[in-house]
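Please build the complex by placing chain R on the supplied structure of chain B, with the hints as guidance.
Protein chains: 2
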Amino acid sequence: MNEQVVIGIDIGGQTTKCGVVDARGNVLAQTVIRSDTFTEVEPYIASVADALKKIIADADVDGSVRGIGVGAPNGNYYTGDIENAVNLTWGGSRSIHFAKMLSEAMDGMPVALTNDANAAAMGEMTYGAARGMKNFIMITLGTGVGSGIVINGEVVYGHDGFAGELGHTCAVRHNGRQCNCGKTGCLETYASAVGVARTAREWLELTDEPSSLRSLDNISSKDVYEAAKGGDNLAIKIFDFTGRILGESFADFIEFSAPEAIVLFGGLARAKEFLTGPIEKAMNANVLPLWRGKVKLVYSILKESDAAILGASALGWEL
Amino acid sequence: MNEQVVIGIDIGGQTTKCGVVDARGNVLAQTVIRSDTFTEVEPYIASVADALKKIIADADVDGSVRGIGVGAPNGNYYTGDIENAVNLTWGGSRSIHFAKMLSEAMDGMPVALTNDANAAAMGEMTYGAARGMKNFIMITLGTGVGSGIVINGEVVYGHDGFAGELGHTCAVRHNGRQCNCGKTGCLETYASAVGVARTAREWLELTDEPSSLRSLDNISSKDVYEAAKGGDNLAIKIFDFTGRILGESFADFIEFSAPEAIVLFGGLARAKEFLTGPIEKAMNANVLPLWRGKVKLVYSILKESDAAILGASALGWEL
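So the protein lines, in turn, are chains B and R.
Each residue of the first sequence is one higher than the one before, starting from 14 at the first, in the working numbering.
Each residue of the second sequence is one higher than the one before, starting from 14 at the first, in the working numbering.
With the rest of the complex left out, here is chain B:
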């Protein structure tokens, strides 16, 4: 009972995952509650606090919890607030003092909060593929493209707490795809799961190339991946294109912070057999000679079901 543990909370639009984690990254107990059945934050926090008390009891770690780490959309590390999180039913366009409120509901237990991608970077550095690295860039390839930048062993938060929005750097300057953020040509309009599906729909419409994807109604990135595994040429070319766009962007990121590695995580990263080659080719063709062939491209090694909890929990060790 003396070994210290931390709690990780991953807040998503639909569900909230909570877990108790030890120093080696073992999830000792976990539970999932709904995020989307609340329209007010107070009852949601009460529900989170109940869940935490349950898993603390399940893992039998009462008195050994060092702190609580939270990964949340639009989470601000400096303030502990969740700001303008329009995808959370209890969020909306305002600042919620989440860390402070949760700490009060947990009898003063310290709470740190950041966004999901920064939490993923912390998790990878603490328990995963970036263990021992002091300079790396985490790229999460999910519905969107998120990023967590680590320099000198610390996540970069910037002047206002919101640094690391690499999914919204410009991948295509002119006539780029419309992004949800209001801009055009953002990296995530091409290199996310949604972006890959967009590429597929676009290319199926613009070309006559035969493809097993033509028989599908609502194409997802998973369909493109399955087709590529089945040897579908168009699907493989879609990943070539996606990898090239990613590699070109990574070259610019390397010129910024000279990382030891770029670490990929998320649903789309599962297609690594089709992405790695094109990414490395474009990255090395577009970076300064001094970094050519020197920056590693690695994939998360955290168990996908645990990764979100582990990432958030890693913040707890800093408290």
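In case anyone wonders, no lab produced these hints; they're calculated from the structure.
Check before you lean on any hint, since a few could be wrong.
To give a feel for the contact side, a few chain B residues facing chain R, derived at Cβ under 10 Å [said to hold, decoys possible]:
hint	residue
1	97
2	147
3	148
4	167
5	173
6	179
7	181
8	184
9	196
10	269
11	270
12	272
13	298
14	299
15	303
16	304
The model shown is predicted, which means the values in this text are computed figures rather than measured ones.
Quick reminder that beta carbons are idealized off the backbone N, C-alpha and C, glycines included.
Quick look at chain R alone, frame taken from chain B:
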């Protein structure tokens, strides 16, 4: 005699500037020696050491020197080496253990070394426009485009000591201009003094637009600036274009590190009355809404003749 001072050395291809600097950024004594009359590093270092002993005597600060800071092309902060500096007559394609050698020539006085743009960032943070800022990006607009990135009050050196090559991020993806680094479309092929002169020559050839620049033989960025001040329309449009390219790139830099400000320095920054408007317009049009109108664009306030010495000297305070 008790107040501590530092020494700053700025190594350029032709000359080396050395100065004694106090904590308020006053240059108490300075001198300039040639860099390009040496083919071996040993006699060059002996010459630098003689110069330093002279200015230490001139300023009457013997015994009060805290350390020596050096700004040099391809200077590596981690190793103290100057690596592959082909523009230095005694440099060439090898590693020179410059900091160690100079320290030995100065009876063990501590020496820190970095590249010119990082030194400029340190100078601006210690004595200039970025005093009190913990997160900013320094962009030097000279013959090339250099950068020094400050995060959490520290210059970013990255995994290998060479971070912050923003002049070689991609400004124009396809059919971009050839850069000296071997790549195409690099920011510095458009937004440096050389880049502005290139734009002028290109536009004069491709259009019939009347311009006072047509009467000149060998157009420099200074000529374009003088023409713009004289109301020349083409010259003003060249700065509009240069500012747009810079602003588009700055938007991506902001998405990386969320700085409080971008600080401009260098010969081309003198054209601020023509650059500021176009830069701010493009920067705010291309950045995520959360940073729109919030990131300052500021210009160096250091006296140009002292800036290089001040920047290098700032490193000395960390020793």
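Next on the checklist: Check the structure against each numbered hint from earlier and tell me which ones fail, lowest number first.
Outcome noted: none
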